[in-house]
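Visitor: Below are the chains, spelled out letter by letter.
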Amino acid sequence: EVQLVESGGGLVQPGRSLKLSCAASGFTFSNYYMAWVRQAPKKGLEWVATISTSGSRTYYPDSVKGRFTISRDNAKSSLYLQMNSLKSEDTATYYCARLGTGKGYFDYWGQGVMVTVSS
Amino acid sequence: DIQMTQSPSLLSASVGDRVTLSCKASQNIYKYLNWYQQKLGEAPKLLIYYTNSLQTGIPSRFSGSGSGTDYTLTISSLQPEDVATYFCQQYNSWFTFGSGTKLEIK
Numbered sequence: 001e002v003q004l005v006e007s008g009g010g011l012v013q014p015g016r017s018l019k020l021s022c023a024a025s026g027f028t029f030s031n032y033y034m035a036w037v038r039q040a041p042k043k044g045l046e047w048v049a050t051i052s053t054s055g056s057r058t059y060y061p062d063s064v065k066g067r068f069t070i071s072r073d074n075a076k077s078s079l080y081l082q083m084n085s086l087k088s089e090d091t092a093t094y095y096c097a098r099l100g101t102g103k104g105y106f107d108y109w110g111q112g113v114m115v116t117v118s119s
Numbered sequence: 001d002i003q004m005t006q007s008p009s010l011l012s013a014s015v016g017d018r019v020t021l022s023c024k025a026s027q028n029i030y031k032y033l034n035w036y037q038q039k040l041g042e043a044p045k046l047l048i049y050y051t052n053s054l055q056t057g058i059p060s061r062f063s064g065s066g067s068g069t070d071y072t073l074t075i076s077s078l079q080p081e082d083v084a085t086y087f088c089q090q091y092n093s094w095f096t097f098g099s100g101t102k103l104e105i106k
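Order-wise, the sequence lines are chains F and S. Residue 30 in the working numbering sits at position 30 of the first sequence, with consecutive numbering throughout. Residue 69 in the working numbering sits at position 69 of the second sequence, with consecutive numbering throughout.
Note that these hints are calculated values from the structure, not bench results. Quantities reported herein were computed from a predicted structural model and do not represent experimental measurements. Every clue listed holds true.
When the alpha-carbon atoms are kept at most 25 Å apart in a straight line, the in silico SDA-like pairs for lysine to any residue are as follows:
1. Lys43/F to Lys106/S
2. Lys103/F to Lys24/S
3. Lys45/S to Tyr59/F
4. Lys45/S to Tyr60/F
5. Lys103/F to Ala75/F
6. Lys39/S to Pro8/S
7. Lys39/S to Gly44/F
8. Lys43/F to Lys102/S
9. Lys43/F to Asp82/S
10. Lys103/F to Ser93/S
11. Lys103/F to Pro59/S
12. Lys103/F to Thr5/S
13. Lys39/S to Gly9/F
14. Lys39/S to Met114/F
Only chain F is shown next, with the shape it has when bound in the complex (with noise of 0.2 Å):
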């Protein structure tokens, strides 16, 4: 069975870091590409980052780039993202999520980790 379980989240200032971890299990998790998806309050989805199976290449919205970083160690299936310069629009459910064998949808999602960003 499929497992992503996301750990990390928290309350944090606005300017500061956070990591967020995803541990996966279940499945081969270098076969896969992997990606980090957020959900603000009562909204909608936005997808945040994803990293190719080797973790050689990596892929942002502008909403993002240049702060956060995407990225995975295979021998401990593990999926991590470093989120620094926070700000407030960055509170959300972060889920980690396995991209499906065509790269272009989330087939399998984790239970979600909150951050807030707040003073």
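Here the structure of chain F is known, so what remains is to put chain S in place on it, guided by the hints.
Guide: The following block gives chain S in isolation, referenced to the frame of chain F:
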């Protein structure tokens, strides 16, 4: 950026009804369109990918169609467990989600 517009934002229907949800892209997305179901307090779940391919384990009452800029998700016979918010997502150019349609039982 490709914008995705879903309608209606709220839909109320009776058990057994045929329900249709709409999703419109701001430009041609060449069928690169997925649908997700999100129940209250849960993570999204993939229902349909590439417009009309049913994800493994999803009931056959769910189906998708469309082309160009206009896409639909159809539930052939609404069940109580289908109460949720439904999101469309394009991947013709990166990833963009619609704002969702909240489906409730009348």
